[in-house]
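**Q** Protein chains in written order, with my numbering: chain A, 250 to 522; chain B, 250 to 522; chain C, 250 to 522.
Think of the hints as simulated: they come from the structure by calculation, not from any bench.
One thing to keep in mind: the hints can contain errors.
Pairs involving identical chains hold if they fit within one copy or between any two copies, as the list cannot separate such chains.
Claimed, not checked - Derived BS3-like pairs (lysine-lysine); straight-line CA-CA distance at most 30 Å:
hint: 1; residue 1: K443; residue 2: K328
hint: 2; residue 1: K515; residue 2: K361
hint: 3; residue 1: K411; residue 2: K515
hint: 4; residue 1: K355; residue 2: K316
hint: 5; residue 1: K443; residue 2: K515
hint: 6; residue 1: K518; residue 2: K316
hint: 7; residue 1: K355; residue 2: K518
hint: 8; residue 1: K518; residue 2: K328
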Amino acid sequence: MLGNCMDNVRNTVPLVHNITNYVTVNDVANILLACGGSPIMSDEPEDVADITSICGGLNINIGTLNKRTIEGMFAAGRKTNELGHVLLLDPVGVGAGALRTGTAMKLMEELKFDAIKGNISEIKTLAIGSGTTKGVDADVADAVTEENLDEAVAFVKNFAVKSGCIIAVTGAIDLVSDGKKCYVIRNGRPEMEKITGAGCQLAGMMTAFLIANPDAKPEAAAAAVCAMGLAGEIGWSRMQDGDGNSTYRNRIIDAIYHMNGEILDKGAKYEVR
Amino acid sequence: MLGNCMDNVRNTVPLVHNITNYVTVNDVANILLACGGSPIMSDEPEDVADITSICGGLNINIGTLNKRTIEGMFAAGRKTNELGHVLLLDPVGVGAGALRTGTAMKLMEELKFDAIKGNISEIKTLAIGSGTTKGVDADVADAVTEENLDEAVAFVKNFAVKSGCIIAVTGAIDLVSDGKKCYVIRNGRPEMEKITGAGCQLAGMMTAFLIANPDAKPEAAAAAVCAMGLAGEIGWSRMQDGDGNSTYRNRIIDAIYHMNGEILDKGAKYEVR
Amino acid sequence: MLGNCMDNVRNTVPLVHNITNYVTVNDVANILLACGGSPIMSDEPEDVADITSICGGLNINIGTLNKRTIEGMFAAGRKTNELGHVLLLDPVGVGAGALRTGTAMKLMEELKFDAIKGNISEIKTLAIGSGTTKGVDADVADAVTEENLDEAVAFVKNFAVKSGCIIAVTGAIDLVSDGKKCYVIRNGRPEMEKITGAGCQLAGMMTAFLIANPDAKPEAAAAAVCAMGLAGEIGWSRMQDGDGNSTYRNRIIDAIYHMNGEILDKGAKYEVR
Numbered sequence: 250m251l252g253n254c255m256d257n258v259r260n261t262v263p264l265v266h267n268i269t270n271y272v273t274v275n276d277v278a279n280i281l282l283a284c285g286g287s288p289i290m291s292d293e294p295e296d297v298a299d300i301t302s303i304c305g306g307l308n309i310n311i312g313t314l315n316k317r318t319i320e321g322m323f324a325a326g327r328k329t330n331e332l333g334h335v336l337l338l339d340p341v342g343v344g345a346g347a348l349r350t351g352t353a354m355k356l357m358e359e360l361k362f363d364a365i366k367g368n369i370s371e372i373k374t375l376a377i378g379s380g381t382t383k384g385v386d387a388d389v390a391d392a393v394t395e396e397n398l399d400e401a402v403a404f405v406k407n408f409a410v411k412s413g414c415i416i417a418v419t420g421a422i423d424l425v426s427d428g429k430k431c432y433v434i435r436n437g438r439p440e441m442e443k444i445t446g447a448g449c450q451l452a453g454m455m456t457a458f459l460i461a462n463p464d465a466k467p468e469a470a471a472a473a474v475c476a477m478g479l480a481g482e483i484g485w486s487r488m489q490d491g492d493g494n495s496t497y498r499n500r501i502i503d504a505i506y507h508m509n510g511e512i513l514d515k516g517a518k519y520e521v522r
Numbered sequence: 250m251l252g253n254c255m256d257n258v259r260n261t262v263p264l265v266h267n268i269t270n271y272v273t274v275n276d277v278a279n280i281l282l283a284c285g286g287s288p289i290m291s292d293e294p295e296d297v298a299d300i301t302s303i304c305g306g307l308n309i310n311i312g313t314l315n316k317r318t319i320e321g322m323f324a325a326g327r328k329t330n331e332l333g334h335v336l337l338l339d340p341v342g343v344g345a346g347a348l349r350t351g352t353a354m355k356l357m358e359e360l361k362f363d364a365i366k367g368n369i370s371e372i373k374t375l376a377i378g379s380g381t382t383k384g385v386d387a388d389v390a391d392a393v394t395e396e397n398l399d400e401a402v403a404f405v406k407n408f409a410v411k412s413g414c415i416i417a418v419t420g421a422i423d424l425v426s427d428g429k430k431c432y433v434i435r436n437g438r439p440e441m442e443k444i445t446g447a448g449c450q451l452a453g454m455m456t457a458f459l460i461a462n463p464d465a466k467p468e469a470a471a472a473a474v475c476a477m478g479l480a481g482e483i484g485w486s487r488m489q490d491g492d493g494n495s496t497y498r499n500r501i502i503d504a505i506y507h508m509n510g511e512i513l514d515k516g517a518k519y520e521v522r
Numbered sequence: 250m251l252g253n254c255m256d257n258v259r260n261t262v263p264l265v266h267n268i269t270n271y272v273t274v275n276d277v278a279n280i281l282l283a284c285g286g287s288p289i290m291s292d293e294p295e296d297v298a299d300i301t302s303i304c305g306g307l308n309i310n311i312g313t314l315n316k317r318t319i320e321g322m323f324a325a326g327r328k329t330n331e332l333g334h335v336l337l338l339d340p341v342g343v344g345a346g347a348l349r350t351g352t353a354m355k356l357m358e359e360l361k362f363d364a365i366k367g368n369i370s371e372i373k374t375l376a377i378g379s380g381t382t383k384g385v386d387a388d389v390a391d392a393v394t395e396e397n398l399d400e401a402v403a404f405v406k407n408f409a410v411k412s413g414c415i416i417a418v419t420g421a422i423d424l425v426s427d428g429k430k431c432y433v434i435r436n437g438r439p440e441m442e443k444i445t446g447a448g449c450q451l452a453g454m455m456t457a458f459l460i461a462n463p464d465a466k467p468e469a470a471a472a473a474v475c476a477m478g479l480a481g482e483i484g485w486s487r488m489q490d491g492d493g494n495s496t497y498r499n500r501i502i503d504a505i506y507h508m509n510g511e512i513l514d515k516g517a518k519y520e521v522r
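Next comes chain A alone, as it looks inside the complex (with noise of 0.2 Å):
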């Protein structure tokens, strides 16, 4: 199931709008390439109307945020609401800074985001600040394990539901819910955090399944999840003598590259509670 949203990706050619940050731009555009999508970047405020209505969804990315570009994520994400195209929100660093949490708080108000993509301590903070959450919901741990997974999926479902978006929380284990269902996925490779981006990787891709599966959403999502993980695994198996951080982001896309259906479904390791 999962194998056939990506298939639909590389049969679609979806094309993505990103604004994103300048940190990882080069690897996100260079996955969306690679998971069959096609990248376009623009974050000036006069551009991005223009530039969003010819994509089929917009990722959202405020990880080097500043005010010209955060006046263009709302330019963008209106037109994107207003087209009826994907919306997804990568909220980086939320919860780090004053204006990162007011401008992610804000952005969920004004617009309606499809998926939200983030860390744990990310989706806890936007939670928490959007007032979503209460009493239990706020002890979810800092990390999701075997041993708090209940609670970890209780939280995610409800913020789902409570959010009206299909929230993905990366991380030892992720968990994709649209407030029904929950996908538990136990891909990847702790080695992942040793590079710089793979989250946003993640994000650019995520949303080329999105816009590539109209009506499978929630399966899309964990499909994208589980492509990057599984990516991380064969990424890894062909690491070298010697090889580091640097030549492994480039074997993950490499790997991402060589993915098809059939391959993501005999690799996802998932089960949905």
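Chain A is already provided as a structure; the job is to place chains B and C on it using the hints.
**A** Frame of chain A, contents of chains B and C only:
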């Protein structure tokens, strides 16, 4: 002959000022170093005139333009013209939005370019927008093929005359013309479309080739196009099992690093019409 | 001794705030992860104080400065000084234009830096501009060689005293001085000049080393320089037929990824004068 243009780059180490997009800027810098040039990036209006003054030419790429960098493009371009340095335009995404199209047209009106490099769709947009195409010209197809080659050559020659620039159209078949003759180039690999920034890299390298060959600019532009395509072929021949687009990007730049005039002359596939 | 400085980085995972150029920012992030640190990038004036507050130090690189990011540099630098965090300056291209030179001088006047790292030409520009060099100092050659080593060491020691910073001059021979002693370092490969951003990467890594070694800052700065040069040697030894500067960039970061204190102590080539 073309090989000589590349050797001149290595012998003179041209300094290239780039106002380019933040997606592929690192690859532009590395390919400039690989071919024997030297890159500088600066887009702040108050900095660009000083920087361009110490360079031999300026590469303007509008891929992630914003209002501040547009101002920088005009300021740097005027200084470059004033000093008689090489000026190149890479109109990335022109036609995809009003700001891009308007900026590219205004750059062409206010500045004197030595060369413009784009895909057929971008070049057609410029030709139509600048009112230099009429009737049959506007009918040129959206890809240059063996079937429509005669019309495409005529279109490119015509636009080169009317714009007063060397026009380089990249695609499966590349065309480079100064209005009199047209290089028809058949180097390259289709897989190059799966890496981001091959065109941006070519634009940076072409600027270096133009600076290093002031008396043979059409040949220099054609040499840069052949070198990029040949690097795509050499890079591809070094791909190993499991390598994908991320590694391919590295291998293309690596191939430029090892290329010299002799290798280029041996591998260049072109005819002059 | 120097090896210990590297082990301290891996043991404490210093968080480094970088306001750096968009050309090499991805490599800076990846080398920081490779050496055991953790990178954050933020240059928006309204965001930087929050971000720098959660970090251990700030790396300011003026390579693609603009008016907004200059404001961010001062705001972040003041907060960093206020908190007593590590502050480093990489004055890329100072002397190439009035805005760069003026900004670097003003940063030195208004902020208290722990270290400044540049090539000899950049450091000379700062020394002359700040009026701290007279007579013989200004005569120091444009490259540090075995022939002019004595004068160069004297110049660097002198400027370290007058500026109150650790001064690191990179080149064929690297010099690091706190004004009392001077590390003369002979690690590295000439081919490192053919990759963009080796210096930027070093600046990021040096900031991490300084944070992790508060009581041995000169040693920490020297250790970072040795580590970078040694990585250049190890990376080069792993180059295969056809590999060029793009692959070399990856291999250098990979070499840092596998380096530890023992490897560094064994490979570091330096004397103290």
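**Q** Each of the hints needs a verdict: does it hold here or not?
**A** Here is what the structure says about each hint:
no.	hint	result
1	K443 - K328	between (36 Å within a copy, 28 Å between copies)
2	K515 - K361	neither (34 Å within a copy, 57 Å between copies)
3	K411 - K515	neither (33 Å within a copy, 57 Å between copies)
4	K355 - K316	both (14 Å within a copy, 25 Å between copies)
5	K443 - K515	both (26 Å within a copy, 25 Å between copies)
6	K518 - K316	neither (41 Å within a copy, 46 Å between copies)
7	K355 - K518	neither (35 Å within a copy, 54 Å between copies)
8	K518 - K328	neither (36 Å within a copy, 46 Å between copies)
Of the numbered hints stated above, those contradicted by the structure are hints 2, 3, 6, 7, 8, listed in ascending order.
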